[in-house]
Every structure is written in structure tokens, then in C-alpha cells.
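All chains, please: the whole structure from these sequences, using the hints.
Residue numbers (this note's numbering), protein chains in the order written: chain A, 232 to 441; chain B, 10 to 162; chain C, 5 to 264.
Hints are supplied without guarantee of correctness; some may be wrong.
[Stated by the list, open to error] List time: in silico DSS-like cross-link candidates among lysine-lysine, alpha-carbon distance up to 25 Å: (1) C:257 / C:245; (2) C:133 / C:53; (3) A:279 / C:198; (4) A:279 / C:82; (5) A:279 / C:246; (6) A:279 / C:53; (7) C:198 / C:82; (8) C:237 / C:257; (9) A:279 / C:47; (10) C:257 / C:198; (11) B:99 / A:319.
The hints are simulated quantities; they were obtained by calculation from the structure and are not laboratory data.
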Amino acid sequence: MTSIITPEAPSASTAMSASMLASVDVDPKFMKIAHDIDSLLNQLSPSKAVVAPPETQVLEQQLFDALAAVKILTSQVAMHLDRELRQKFFQQLDSLHDVQEWEPGDEPIREASFATFLKAILSINPARRPGLGLSNTGNLVAAWTTGRDRLTIEFQPNDRVRWVLARYRDTDEPARFAGQTHVFDLGEGLAPHHPEHWFSHEERSDEPSQ
Amino acid sequence: MKSAVTNLPNDDHVMRHVSWTRLRKDEDDNILGFLPDAFQRNENHTSLSVNWLEYFEGDRQNQIQGSVRMFRKTITVRPKSAFGIGNVAKIKEVCRSNGANVRIVYEPEENNPSHSGIRRLPRDDFSLLEALAADAFVELVHNTAIPLDESGE
Amino acid sequence: MPVDIGDVKGHPVSEQPYQQPPITEAVIEIRFSEPMPTADLAKVSDTFKSTYPHEQIVTDVSVQLYFRHDTQNTAQAKAIEKRGHRRSSPDQTELVLLWPAIFVVSQLAPYPGWDVFFARFQRDWNTWKRAVSYKNISRIGVRYINRIDIPVEGRPVTHEEEFLNVYVHMPDELQPLAAWAVQGQLRLPDMGCKLTLNSSVVPSPLLGHVAFVLDQDIAKDDRPPQNDAEIYKLLNQIRDKKNSVFESCITDKARRLFKP
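Laid out in C-alpha cells, this is it:
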């Protein structure tokens, strides 16, 4: 008799199959083979351990799980991200998912949308952080506002972004431009519209309404 | 009580409840206005829900208070949420200039007699929704600015 | 040589040679001979509440297949589900993972340095011991996962040998590779440990970059130490070894990416 084990073990290193085999009647030489095979398996690290589906859908846990997923995702690029910037983004994300402010039926942030956001932020590296919001489907929406001029970007899964900007020159009629691209092309799409108008601190002149 | 009408008058106004996640903020979470997503209608709805402001009696402030309290009675209104107010004619004009011929109609509901809807609003036109957020719903009322009434609403 | 650098914002960090270490996750794991009951595990998890306020239930499903050569065409499958508790700091960079027979302390990036990480392990190990009676340790392991992000900078092909000393060697006519993965295991007789080294191409989370992973797992499962002094001594030996293994696996060109 022999046995082969196919685990998705979440432990840090070698799998548990050899010890599990110990609980059944197995020839020791197969134990040794199983142990050696197990030790070569690529194991999931603790950060990638599979979160068990909740037995009941508690809102707090749902929001926490969504936040935890995007914070763990952030850790994957933390070596490229300024520590203070990271903390500020986390404050904004925590605020967005404040259980006291959560509306029934809203979708918490989607991990795949946040992955697109991280790629964009690390690529365009704006001096000014955006304000953050969520779409009806849980996509992250970033908003830069300079006076009346607005730049809004929705980060979608699969590295897609859609953006719209409005600039008010001398009239009440704004020039409005919109686009939908791969995140890789975002900078190129915004370039003709001088995005530094929103991304730099120098041009900022807006006053919050509260 | 005012009588029901089909189309709301052009001079009148509608109010939309906007949750914290759909508010436009700066990087320090100061509220600046609305995100386009605040005006995306629900996938299962044929119109975007609003309250008809002039349904309520009294001066402008009384109408705003009445509408906000009606929202509090009929839907979940969280502390940091806000309300956008737009003029009917302006909403139609903004939509028209973005290629959408909307109707703004009175749709009273049993628990909300001021309920109205913006019909024929494209659901996923980001540019149009942004125009509504920026140029049509130009007045913002913080939920916290409206005191609770005697019933706690 | 390692230098005391601090980080850009002046947060305390222990000595480490790079300003931007490519470590995505560092793990210390203690494994025991016998699992503890599920109810006891929940109580142990509660003792970590003050340092790790958030808890998630995690699951590990494995499948055992039995093939009997003495009967015809018979195979049996048995699914085994284990549940554990993952506790985390609010920013999710510090984790403890509690399984019925495994205690894990994990640090995600940004990596604060060994001294800080090791001190946290000692604190949490003490918490664990206070909550759990003596259990025989069957294995002690340390795992470091590094991801090296390399800017493409217009190059059609990135040559891994410019950055890594561990990679797949292929004939010229079979170049370039779209993806590769290698794995090696070797004994470390001076420590009585085993090193499992994985390296592969992975999608980079950055635009315009390719990424390679260097994942090393050094473990002792042959008569691992049972008392704290010996455990700590072993862990520090492993730490030195993993540093030298890492340095031997990368080139100077890679080092420059981490801002020495």
C-alpha cells in the first residue's frame, strides 16, 4: 500500500503529510518517500493562508477581511512605498470601511481593483495623495481636486482603469475628457491634460467644504 | 399635500442621498463634493432615486430639513453621509449635453411621498455621471447639519 | 558589511544591509509532535488578542489518496480539513498563525530587521508557552521569501543571470524563457538543518518590472532543541545562514536594486 498526499498546507515550510501518514497503517519506507516529496512542495506562506468562509456573514468580519486582503497586498510592494504614505492610505481605507458609516448593500473594496491602484500609484508617483471612494461594485475610486478642476480615476480589476477629468478655464463650461485604458497606458492618456495640475501641491487651491 | 405630477417642474429641485464611500474627498477626508458613482443607478432599478424638494412645505431650509428627515425615515442614513441638491432643468441640460434625454418624474412611494426618479439615465457613462456630480448636483448638505426632529429622525 | 541605517522616516530598525530589502515575508515556525484540541486552540488564540487584535479563521484542506496494489482498481480519497487562527496587527504586517500542531510568527514587508523580528518571536513564544503546557517540538524552521523587482527599462529580455546565481540554464536555441522555476534541497551538516531553496519568475506587482522570487526555508526536524536557550541559539544560527545563502544567490547588480 502507498499513499500520495496533495496538500495546500498553509504552514511556513514542509507539509504535514508525513505526520498525517503516521496516523494510518503505512510502511515506514513509504513514509520516508512521502516525507521527502513533501519537503519539496512549495507551501503557502502565512500571509496567503486561506481564510475560511464565515459561517454567518457578519458585516464587521466582511469589512475586516476585505481590508486585511488589501493591506496584505500592500505589503507586497511596501519596500517601494514610503512608510508614511502607506500609513495614510491605510487610514483612508479604514475610514472608507468604517462600520458605523457602512450602507447596507455596499460592496467593500475588491482586492483586484486595489492591485491596479497600487500599480498606478507606484508608477505615476503623485506628490499629492488622492481622496478615496468606492464604486457600487467595490472598485477603488481616486479623486484629485484642484479648485473646481477634477480628476477622477476608477481602478478596475485586471489592470484596467477609467478616468474622467474636468477643467474649468474662464467659463462655467468645463472641458471634460475621459478614457479607459490598461493601467500601463494611464500616464500616457493623462499626459496631454497636464496631470501635474492635480498631482502636485503647488497648484492646489481648493478649500474643503467643512 | 401636493398633488402627484408626472414630470417635476423645471424650476424645482431634487435631493439625492450620498453615502460616505461615494463622497468626493481630499487626501485628509475633507468632503469636497460627490463622486460620479454617487449618481449611478442601481442595476435593478430603472431610475435613480431622489426626493422632490418642493414637495415639502415651507422655506428652503424647511424643505431641506423635511427631505433629509424623510430619508432618515425610509433608508439607512449614516452620520458622515451627505445629500446632493440639483435643479431639475440643470440636471436635464447636463444629461442632454452628454447625450442622454432623461425624465425626472414624481414616483411617490407608500413610505416616501416625495420620492421621485431620474429615468433613462445611462448606468455606466462615467463622463455623464461625473458631469452630474460636478455641474448638476452643485449643493451639498451634510447629514450632521440637519438636527434630529422630535421623533429622533 | 551591514550598516546601521534606520529607515527614511526614522523608524527604529535593526541593522540590515539594505534600505529596501526585497523581503516580502519572514517566518519562524515551531511544529509539535501532537496537535492540540480545537477548543484549546481558540483559547490560546485569545491570549494573543492584546498584541494582535484582529483574528481570522483559516483553513487547510488536504486530500489523502490511497491506492492498494493488492486489490483491483480501488482507490480511496479522504479529505482532511484543519482550522487555524490567524491573528494580525492593524496594518497586517505582523501575523501569528496558530494551527493545532504549529506555531508561526510572520513578518510582512516592510521588514524591520532581524533583531526586531526575533524579539517579537520571543515575546510571542513566551505568550504561547504560558497558554500551552509542554509539547514536544518536532521541527523548527525559518523561511524568508524575497522578491526581486527588476525594471525592464525598454529591454525586450531580462537576463536572470545578471541578477541571480540560481536559475535555469537552457540551450541557446531554447531562449528566452517565458517562465521558469527551480528548486533545490541540501543538507547543512554544521547545523543539522535542511535548506530548501525555490526560485522562479513571478508577475511583478509593479508596472514595467519583471520579478524573481528567492524563497529559502531552513529547518531542523532531526532532534530539534526543546529548551529556549537552544531554540534561540539555533534560530540565530539559521539567521546567519539565510543571510549568507541569500548573498550567494544574488549578484552585485541585484544588490544595487536594494539600495545598500
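Return the numbers of the hints above that this structure violates; sort them in rising order. 7, 8, 10 and 11
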